[in-house]
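Asker: Chains A and B, in that order, give the protein sequences. Residue numbering for the first sequence follows our numbering, beginning at 1 and increasing consecutively. Residue numbering for the second sequence follows our numbering, beginning at 189 and increasing consecutively.
Among the hints, a few may not be true.
Computed list of lysine-lysine pairs in DSS-like fashion (alpha-carbon distance at most 25 Å, straight line) [stated by the list, open to error]:
1. K181(A) x K286(B)
2. K183(A) x K131(A)
3. K220(B) x K108(A)
4. K220(B) x K286(B)
5. K181(A) x K108(A)
6. K131(A) x K221(B)
7. K108(A) x K286(B)
8. K108(A) x K221(B)
9. K221(B) x K286(B)
Reference excerpt, derived from the structure (chain A facing chain B, CB under 10 Å, subset only) [said to hold, decoys possible]:
10. V89
11. L123
12. C127
13. S129
Don't read these hints as lab results, they were simulated from the structure. The structure displayed is predicted, hence computed values, not measured ones. Backbone N, C-alpha and C fix where the C-beta goes; we use that ideal spot for every residue, glycine too.
For reference, the chains in residue letters:
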Amino acid sequence: MKHTSSPTLHIFTFSRFWIWVFLLLLSAVLFYGLISLPPAGETNPTFHVASRYLDRGTDETGMACSFLAVLLDYRSFDLALLSLFFLSVTLTVLLFLTAENISLTRLKWGWVWLSLFSSLALLVLGCFSFKNGGNFMDYQFWAVVFGPSARTNGAWITGLLVFLNVASSLMWTRIVLARGKEKRFDTE
Amino acid sequence: MTLNSLLIIRCLILVAGLAALYRLWTSTHLIKKSLFWLIFQASVAALWLSGSYPYHGHWNPLPQVAAFLLIIFSIGVLAIMLVFASGVLRNDGVLEIKKTNFKGHS
C-alpha cells in the first residue's frame with residue numbers, strides 16, 4: 001500500500017506536536033514560579049539579595065539610585081555580555097551588507113566603527129584592570145586614576161561604553177536595513 | 189497558594205506570552221514571527237516587573253534591571269531577525285518561509 005502523507009506534512013505535524021509538549025512543560029514551570037512569588041506588600045525573604053543591595057547599595061557603590069547601582073555596578077558582568085551580544089549584531093549586519101553588496105557613505109560607516117571601538121575599549125580596559133587590579137573593570141585599578149570615587153566612575157565608564165555600543169549597533173542596523181530597502185526598490 | 193488579583197494578572201500575562209510563543213513557532217511570515225517574539229519577550233519582562241515590590245520604602249531593583257536587560261537583548265535579537273527577513277525578501281521576493289521536505293526541495 002502506498003504511503004500517502006508527504007514528508008512536508010509529516011515535519012509540520014511533528015513540530016506542532018513538540019511545541020505543545022514544550023508549551024505544557026514551560027507553562028507548568030512558569031506557573032510554579034508565579035505561585036512561589038510572595039504577594040504584593042509583603043516583606044519578602046525571597047529577595048534577600050535585593051535587600052542587601054537596598055541597604056548597602058549607596059554606601060558601597062556611591063550611587064543614590066538603586067536601579068543604577070545594580071545595573072552598572074553589581075550586575076556589570078551582564079552589561080559586558082550584552083555588549084558582546086551587540087558586537088555580534090553589528091558583525092551580522094556587516095556580513096549582510098557584504099553579501100547584499102550595499103554601498104554606504106563614509107559618514108554612515110562611523111556607526112560600525114563606534115560600535116567596534118566601544119566594545120573593544122570595554123574588553124581592553126576590562127582585561128587591563130584585571131591584570132593590574134583583581135577583577136574585570138576592577139575599582140582597585142581605577143583608584144589610580146580617580147582616587148576614592150574609583151568604583152562609581154568605573155561603573156559609569158562601563159555603562160557609557162555599553163550604551164555607545166548598543167546605540168551605535170542599533171543605528172547601524174537601521175541604516176543598513178533602510179539602504180537595503182532602497183536598493184531593492186531601485187532594482188525593481 | 190492564595191488566589192488574588194495579582195496572581196490572576198500574572199497568569200493572564202503568562203497565557204499571552206505562551207500564545208505568542210506558539211504563534212512564533214508556527215507562523216511562516218517573518219515579520220509576524222518578529223512581532224510575536226517581541227510580544228513573548230514583553231510578557232516575560234512584565235512578569236519580572238510584577239515582582240518588583242516596595243521593600244522598606246524602596247522598590248526592589250532586581251526585577252527592574254532584569255526586565256530592562258531582557259528588553260534590550262530582545263531588541264538586538266529583533267534586529268538580527270529583521271536582517272535575515274530582509275535577506276529572504278531580497279532572494280525570494282516574499283517574507284514567507286517556504287516549507288521544504290527532507291531533501292530541501294520546495
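Asker: Each hint should be assessed against the structure and marked as holding or not.
Answerer: Going down the list of hints, with the structure as the test:
Distance hint between K181(A) and K286(B) is fulfilled; the C-alpha atoms sit about 21 Å from each other, no more than 25 Å. Under the criterion of a C-alpha separation no larger than 25 Å, the hint pairing K183(A) with K131(A) is inconsistent with the structure, at around 48 Å. About 29 Å separates the Cα atoms of K220(B) and K108(A), which puts this hinted pair outside 25 Å; it is violated. Among the hinted pairs, K220(B) with K286(B) is consistent with the structure: their alpha-carbon atoms are about 15 Å apart, no more than 25 Å.
Taken as a hint, the K181(A) and K108(A) pair is honoured in the structure, with Cα atoms around 16 Å apart against an allowance of 25 Å. Between K131(A) and K221(B) the alpha-carbon distance is near 44 Å, which puts this suggested pair outside the 25 Å criterion. Between the alpha carbons of K108(A) and K286(B) the distance comes to roughly 34 Å, so the proposed pair goes past 25 Å and is violated. The straight-line distance between the Cα atoms of K108(A) and K221(B) is roughly 29 Å, outside the 25 Å bound, and the hint therefore fails.
At most 25 Å may separate the alpha-carbon atoms for a hinted pair to count; K221(B) and K286(B) meet this at roughly 14 Å. Given the 10 Å rule on beta carbons, the hint for V89(A) holds: about 5 Å separates it from the nearest Cβ of chain B. About 18 Å separates the beta-carbon of L123(A) from the nearest beta-carbon of chain B, more than 10 Å, and the hint is not met. Against a cut-off of 10 Å between C-beta atoms, the interface hint on C127(A) is violated, since the closest Cβ of chain B lies about 23 Å away.
Nearest Cβ of chain B to the Cβ of S129(A): about 22 Å, over the 10 Å cut. The hint is violated.
This entry does not satisfy hints 2, 3, 6, 7, 8, 11, 12, 13, going by the numbered hints stated previously.
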